[in-house]
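Read off the chains here:
Number of protein chains: 2
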Amino acid sequence: MDPDALAKAFVEHYYTTFDGNRAGLANLYQEGSMLTFEGQKIQGSQNIVAKLTSLPFQQCQHSITTVDCQPSGVNGGMLVFVSGNLQLAGEQHALKFSQVRDHGIFKIKPIKTKMFHLIPTPQGSYYVLNDVFRLNYA
Amino acid sequence: MDPDALAKAFVEHYYTTFDGNRAGLANLYQEGSMLTFEGQKIQGSQNIVAKLTSLPFQQCQHSITTVDCQPSGVNGGMLVFVSGNLQLAGEQHALKFSQVRDHGIFKIKPIKTKMFHLIPTPQGSYYVLNDVFRLNYA
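Residue numbers (our numbering), protein chains in the order written: chain A, 1 to 138; chain B, 1 to 138.
Not one of these hints is a red herring.
No copy is singled out in the list; a pair is fine if it fits within one copy or between any two copies.
The list that follows gives simulated cross-link-like pairs (lysine-lysine, DSS-like), each with its CA atoms no further than 30 Å apart: (1) Lys51 with Lys41; (2) Lys8 with Lys112; (3) Lys8 with Lys41; (4) Lys41 with Lys112; (5) Lys51 with Lys112; (6) Lys8 with Lys51.
It should be emphasised that the hints constitute simulated quantities derived from the structure, not laboratory data.
Given only the sequences and the hints, what does the whole structure look like? Please build it.
Spelled out as structure tokens, the structure:
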């Protein structure tokens, strides 16, 4: 599988898991993994998943706009750069986090950007060594 | 210097050079460097700077909103994740690329996101191995 297709497959798997079974993301991190979430640094699979499962929304849906991929210089490693939107369930959250252009009126829509650094495992899959998440409010 | 301060210093140096002397960016890339610019992959210092200097605007100003930094797993390497805005000189470009909220009317404002993978050089500085640029239109 070529790197771009592999990166897209990983991103789809990650967000399907995030939106459907967030605790299942633990398998994608290791002890040396680091997440920077809106500027907060969190180290290790257990702490990262504790953070992701404690976010103040239970239902959400990610839509991906772009996926860029480059070899990272680590043997077999890949840098994956993702942009997209995050839609939360419930009107209150939708107003806060989503935007539509509707009859000429703009509401606030954040753009979510994410960077993964993926490292191959001996088992032939990948884990996330580096993970940076930012919501970019327009 | 701690990694976060170093990352911020690098980003400031990069954008000061970009906005003032774009050809001078050649010193920050090497032959193995890769730039992905809005989905287009470009390899090597010379090709990267040719792309950056041929962008259809001569005057611009970057403003940085966030800088996130993590060790990359490569010896001494750092991943740097930047978000900010790009303001171009001239009204025509400003309308296309910039947004202000002005008297209750929203115009289009892109958010620029960028990822650098910095690798130490034997001379004690850093070069850019990986570079991904995306304009995120809200």
